[in-house]
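Colleague: The primary structure of each chain is shown beneath.
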Amino acid sequence: MSHSASGGASDIVWAPSASIDTLRQRAAVLAKIRAFFAAREVLEVETPSLAQASVTDVHLATFSTTFVGPGHASGTPLYLQTSPEFAMKRLLAAGSGAIYQIGKAFRNEESGRHHNPEFTMLEWYRPGFDEFALMAEVNDLMQAILGCPEAESLSYQQAFITHLGLDPLSASMDELRQLASQRGHGHIAEQEQHRDTLLQLLFCMEIEPLIGQQAPCFVYYFPASQAALAQLNAEDPRVAGRFELYYRGMELANGFNELTDEVEQSARFDEDNALRAAMGLAPVAKDPRFLAALAQGLPACAGVALGVDRLVMLATGKTQLKEVIAFDVDRA
Amino acid sequence: MANYSTNEFKGGLKIMIDGEPCSILENEVVKPGKGQAFNRVKIRKLISGKVLEKTFKSGESVEGADVMDTDLAYLYTDGEFWHFMNNETFEQIAADEKALGDSVKWLVENDVCTITLWNGSPIAVTPPNFVELEITETDPGLKGDTAGTGGKPATLSTGAVVRVPLFVQIGEVIKVDTRSGEYVSRVK
Chain Y
2 MSHSASGGAS
12 DIVWAPSASI
22 DTLRQRAAVL
32 AKIRAFFAAR
42 EVLEVETPSL
52 AQASVTDVHL
62 ATFSTTFVGP
72 GHASGTPLYL
82 QTSPEFAMKR
92 LLAAGSGAIY
102 QIGKAFRNEE
112 SGRHHNPEFT
122 MLEWYRPGFD
132 EFALMAEVND
142 LMQAILGCPE
152 AESLSYQQAF
162 ITHLGLDPLS
172 ASMDELRQLA
182 SQRGHGHIAE
192 QEQHRDTLLQ
202 LLFCMEIEPL
212 IGQQAPCFVY
222 YFPASQAALA
232 QLNAEDPRVA
242 GRFELYYRGM
252 ELANGFNELT
262 DEVEQSARFD
272 EDNALRAAMG
282 LAPVAKDPRF
292 LAALAQGLPA
302 CAGVALGVDR
312 LVMLATGKTQ
322 LKEVIAFDVD
332 RA
Chain W
25 MANYSTNEFK
35 GGLKIMIDGE
45 PCSILENEVV
55 KPGKGQAFNR
65 VKIRKLISGK
75 VLEKTFKSGE
85 SVEGADVMDT
95 DLAYLYTDGE
105 FWHFMNNETF
115 EQIAADEKAL
125 GDSVKWLVEN
135 DVCTITLWNG
145 SPIAVTPPNF
155 VELEITETDP
165 GLKGDTAGTG
175 GKPATLSTGA
185 VVRVPLFVQI
195 GEVIKVDTRS
205 GEYVSRVK
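These protein sequence lines map, in sequence, to chains Y and W. Residues 2 to 333 (my numbering) make up the first sequence, in order. Residues 25 to 212 (my numbering) make up the second sequence, in order.
The set of hints was computed from the structure by calculation and includes no laboratory data. Backbone N, C-alpha and C define an ideal beta-carbon position, used for all residues, glycine too. Among the hints, erroneous ones may be present.
[To be verified] Now the stretches of chain W that chain Y is said to cover, found in silico as 3 or more residues with beta-carbon under 8 angstroms:
1. 78-86
2. 97-110
3. 138-148
[To be verified] Cut-off 20 angstroms, straight-line C-alpha distance, at most; resulting in silico cross-link-like pairs (DMTMM-like, lysine to aspartate or glutamate):
4. Lys81/W / Asp331/Y
5. Lys78/W / Asp331/Y
6. Lys69/W / Glu207/Y
7. Lys78/W / Asp95/W
8. Lys212/W / Asp197/Y
9. Lys78/W / Glu265/Y
10. Lys34/W / Asp331/Y
11. Lys319/Y / Glu52/W
12. Lys34/W / Glu110/Y
13. Lys38/W / Glu119/Y
14. Lys319/Y / Glu156/W
15. Lys66/W / Glu207/Y
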């Protein structure tokens, strides 16, 4: 296993996974992002990477550690944040106005061509915006950074109907299973009990590769069951004010017309924990500070998180995330 | 045989799919920011040789396949089986037509081939990357022709047909790349 002990220094890879030239281009992208928000008078903020609460999301795995120090003699669990969402919403509740943050986010169990367990996220919030106003601003940012064409947009329902000939909002479980099997995913489809897993399977494998190839593509009105932290649509509660941005085979951004109702938010955390229990995962305590801030009042706003490393990949024409970060997890 | 979780997937790992041993060629994780992670895996079925894509839910476990490669020298064929021998232990193994597949046309006596065994039985034979074979049939070519002008078909002693330069003649021995089936050079 550890033949490096005897093998000596020759086995140790010390060099960066990105070239210095790429890191220069990366720095230029970051400078452009900051200039973009400065020109729009959006305030740059920083919130904790380590916090006392985590997220209930069933598909996010959190790193944790223990703080021992003055006032915390017996050890206080701290969690590396999977996104700065809760803390930034507390700033909004405190009257910050429009804010953005460029910071590290941490997700366990994620590593690959487009993933690193530690990555750089750009997240911003716009009081008074709905999801469409924010999509327009994301589109502006994309053009400012990449000089790419105007983004296209289609609803989640349109995406399924156009590319798979099936309505994701009304299709039965059997219809979803049948379609997934026809597309070569019978192995998963036959046993799958969760509607959203089947929808995600079809979306990831059969739709994502077809959209956003020439121009970035927004997909909006995700199903209510995948609302995450977005409000449900007032006219059609089958869908939520959630959008995603795809470009050249990558998911770049996820945004919400933010849920501001504390009771509804707390109920969604409970639903997540019920699902976690059903999946054999440990429950996650609801973040009491975040819920208290919502109870105090979060202004109506839209927010979005964008993967900066992936944006730099597009800006530099690289195909692997490790080529745009100084040291990927295997060299960290 | 051990089970492997998707986190252990990597190129070369041998797993069972639909009752057939397979080798993983490529493994890619597809993980939406909000949603289930999947592994999109490109595999080669080791018996049929077919390459296909398969999707797994990340975290799933898959049965491993008891597959090992062994290097053996080709001895002879009795028409039904092709016999190979371990040059150190002198142990012999017989592979059938199915295990040989297309490799049959590259078998040269005493050449060391890689035999893939599944549960101890041969399921695939991989010839050396380069073999030397005699030309048994080809059209007479023009003098003065150089390689790379299109060439002509030539039949080799094993029945394999490769494109050779026009100057190569019947009775000559040539070196062929078995992976591409392409002519490399004449053997003096």
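Colleague: Could you run down the list of hints and mark each one as holding or not?
Modeller: Hints, one by one, checked against the model:
{"no.": "1", "hint": "78-86", "result": "holds (count 5)"}
{"no.": "2", "hint": "97-110", "result": "violated (count 0)"}
{"no.": "3", "hint": "138-148", "result": "violated (count 0)"}
{"no.": "4", "hint": "Lys81/W / Asp331/Y", "result": "violated (24 angstroms)"}
{"no.": "5", "hint": "Lys78/W / Asp331/Y", "result": "violated (26 angstroms)"}
{"no.": "6", "hint": "Lys69/W / Glu207/Y", "result": "violated (23 angstroms)"}
{"no.": "7", "hint": "Lys78/W / Asp95/W", "result": "violated (30 angstroms)"}
{"no.": "8", "hint": "Lys212/W / Asp197/Y", "result": "violated (66 angstroms)"}
{"no.": "9", "hint": "Lys78/W / Glu265/Y", "result": "violated (39 angstroms)"}
{"no.": "10", "hint": "Lys34/W / Asp331/Y", "result": "holds (15 angstroms)"}
{"no.": "11", "hint": "Lys319/Y / Glu52/W", "result": "holds (17 angstroms)"}
{"no.": "12", "hint": "Lys34/W / Glu110/Y", "result": "holds (16 angstroms)"}
{"no.": "13", "hint": "Lys38/W / Glu119/Y", "result": "violated (30 angstroms)"}
{"no.": "14", "hint": "Lys319/Y / Glu156/W", "result": "violated (42 angstroms)"}
{"no.": "15", "hint": "Lys66/W / Glu207/Y", "result": "holds (16 angstroms)"}
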